[in-house]
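Q: The residues making up each chain are set out below.
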Amino acid sequence: MDMMVSRWIDVGALSDIPRRGARVVRTPMGCIAVFRTEADEVFALDDRCPHKGGPLSQGIVHGRSVTCPLHNWVIDLASGEASGPDEGRVAAVPLRCEDGRLLLDLAHMASRAA
Amino acid sequence: MSAPRQKLVVVGNGMAAGRVVEELVTKSPGLYDITIFGAEPRVNYDRIMLSPVLSGEKEYDDIVIHDDAWYERHGVTLLKGRLVTAIDRTDKKVVSADGTALAYDKLLIATGSSPFVLPVPGADLPEVLTYRDQGDVEKMLRAAEKGGHAVVIGGGLLGLEAAAGLRARGMEVTVLHLMPTLMERQLDPSAGYLLERAVEARGIHVITHANTKAILGDGHVTAVRLEDGRDLPADLVVMAAGIRPNATLAKDAGLAVNRGVVVDDAMGTDDPDIFAVGECVEHRGVCYGLVAPLYEMAKVLAARLAGDGTAAYSGMAISTKLKVTGINLFSAGDFAEGEGREEIVLRDPARNVYRRLILAENRIIGTVLYGDTSDSAWFFQLLKDGSDVSDLRDTLIFGPAYAGGSPLDPTAAVAALPAEAEICGCNGVCKGTIVSAISEGGHATVDAVRSHTKASGSCGSCTGLVEQLLELTLGAAFQRNAIQPICGCSDLGHDEVRRLIVAHDLRSMPAVMQELGWKTSCGCAKCRPALNYYLLAAWPGDYEDDSQSRFINERVHANIQKDGTYSVVPRMWGGMTTPAELRAIADVAEKFAIPSVKVTGGQRIDLLGVKKEDLPGVWADLNAAGMVSGHAYGKSLRTVKTCVGTDWCRFGTQDSTGLGIRLEKFLWGSWTPHKVKLAVSGCPRNCAEATCKDFGVICVDSGYELHFAGAAGMHIKGTEVLCSVSSEDEVIEYCAALVQLYREQARYLERIYKWAARVGVDVVRAQIVEDHDKRKALFARFVTSQKFSQQDPWAERAQGRDAHEFKPLATLSLEDVA
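Heads up: the sequence lines are chains A and B, in that order. In the numbering used here, each number is its position in the first sequence, counted from 1, plus 4. In the numbering used here, each number is its position in the second sequence, counted from 1, plus 43.
No lab work stands behind these hints, which were simulated from the structure alone. Treat each hint with caution, since some may be false.
Here are the simulated DSS-like cross-link-like pairs (lysine-lysine), alpha carbons at most 30 Å apart as the crow flies [unchecked claim]:
id : chain 1 : residue 1 : chain 2 : residue 2
1  : B       : Lys-817   : A       : Lys-56
2  : B       : Lys-654   : A       : Lys-56
3  : B       : Lys-797   : B       : Lys-817
4  : A       : Lys-56    : B       : Lys-641
Bear in mind that the values here come from a model prediction, so they are computed numbers and not experimental data.
Here chain A stands alone, though its shape is the one from the complex (with noise of 0.2 Å):
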């Protein structure tokens, strides 16, 4: 059984992503794309398309949305899923933003790893 606690790292400040924008978190199991929306919504994917890899942070994030910038996919930021007649997800990493800070669940991330 998968059992596992949570652990929130601290990964930065609402305000280090501009809106409508993403940045990325750096891990040694791969990239995480951090993404703030309009209204000030948060999400994190891994930073890989489930089309051919691309960056997802380096997309254009419109409503709860991504489109990836290497061939136009369109990504739902909650679910990771691709949207329209695309089919693919990837996975959503847990993600709280409290005061105006970041945090990740590592615990997620570990269990990746392991």
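Dock chain B against chain A, hints included.
A: Just chain B now, kept in the frame of chain A:
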């Protein structure tokens, strides 16, 4: 004989404290012996109504909540103008600034909040005020009597109300706001745009992105200086940049304090005899600044103090209204978009109405209303109750009047109009004229009706009405215009959007989305880059580029590669380079371990595989050797290929290299609908391959043959001949005029050859070659636009601009993650 009454001491006499005391004395009279310390020399008054007092719509007396007689009637002692300076928790007493000491059994801290004063030079000058209490209002009124300029720092609720009040008192008012849109915490950008327009319409000047650097003046305020160097004349400055909870007293007494005094759901602090309510508290991590939650807290605490052990405050949905006469806006709840969330947007550009509801699982979770807020209470109630709105869904956005009714026939309103009703206000065309043009004249499309009657031919805002008349008159025979919409966010095509941006003087993306009735709140990856370009092309020097609406290559000024690295192509003017430049390129490639160095088809050198975070360093080194961005990544001028011409070639007829360099230096940096490639060949042997470029020059003995609309990509197309000219200056003029015409007419992502085929090669030629005035005007507009576009983007970024683009947010090590 009953036990002596418990002594309740209240520190602070604002609205929250007043409400606690009122609840206590009316619901449980005689329970406590109550003494209030008020720092202000006044009774309890309605602070949120200070704005009408400032504007002159009300008097101070109108907003008093409890007058002196009230305190007397209820046996409450009010000590006015008495600031409490310490709480002695051991002896259970409070001490005020004048030395008064008073013992308590229960203590209520309701010290409210203080305006945040920007720590800029000059903030201590006498004419720099805050906007918090009646004393501030009185000071502002005295200042306003002298007239002059007022600068309000902060475009939130308070700042805008202060600005409207001072304007109503006759001052020239400027509002400075740090963020791109007003009240961005309560409003989405569309509503923020409408608000800004309404505020401007009452003569208040709004400057967004305004970072205050200093307040100038020797003893008295004379001006406010912005970070960008602008000085704004000022006789009065009002700081309305936010509030901070007043928690120092509690903190000094050793109570738990974060941002505010920490309270539990019963409004208790970590001392069982001390409570706190209002803006000074922090409840479940939230500090409040609006009255509704403060009153709710007051109610809970009064119940607790009266012995009800179950009363609890658990946070609440809050709503915002702006109290400026004539401006109606309302927002509540969570108005972010998202999966599982749907939005219903209603825009009525003509009436400046914007309504947006955000639904999740068939319940309203957020709403923004602008212009017509008459239904705000109904929406807010549905939100607070979490009511299922499935049954109301079709007509929900129209409010309670239509709740649950059958959807309206969209043509019913037009059908009901009399024949003499005016449809097109710009050209004075009435319904009867249009209907007869359709039924008798046989005009069956919007375009045909437009060219025959002129209806919808000017501003275009009645296009929808004309379509409805076609539908009414022709029935099923009417086929809607087959214009390809720009994207799913709009029904308008590219040409219509471009035309309306200019016709309606739309100068920002929220303005376009509101006035043209966008169906989404913030667009998509298709329309945003197009709108950004159209706005940039329409308003050079005025529109501020929205980098978040640009494709990554243009956002970071390099080309993204399949592995997420970037390629860098420095400009080599006309394909010429020097040993020093080549040496610098070689050094950069080695220093940053750039894996590939490639010669491009455009006579330049491409450095491939550069890591994103190395880009600023690479650019700095290339800049140091005199090289600038080659814009190989942009919808802009790419390269000007040349041959060596009369410099070296035995067949050369003109200085093709020099001309190519001149063209490139003239055109670089301009943004265009798609990429633009040029070439200049020194003789008809055409070694620079000028006849498959967007614009090409073939030098001949007698001068220059100009070509355009070629392509050598997915499609191969030889150029069309534009004309022949005899001087280099003419080449520059004709070329720049053609590029400007393309910039103004083409659709985003339409190459020159496609645009020319669509509008007609002859039509283009006539405008550039035959119409001399038009060519010169186009040339002049291109020159104007270039004034704002010829800064090397690499140099700006090597010096630190957009640094966030090139650095990871964080780098986690194995230990962090393990």
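Q: Now tell me if each hint is right for this structure.
A: Verification of the hints:
| no. | hint | verdict |
| --- | --- | --- |
| 1 | B/Lys-817 to A/Lys-56 | violated (48 Å) |
| 2 | B/Lys-654 to A/Lys-56 | holds (19 Å) |
| 3 | B/Lys-797 to B/Lys-817 | holds (22 Å) |
| 4 | A/Lys-56 to B/Lys-641 | holds (24 Å) |
Comparing the model with each earlier hint shows a violation of hint 1 alone; every other hint is respected.
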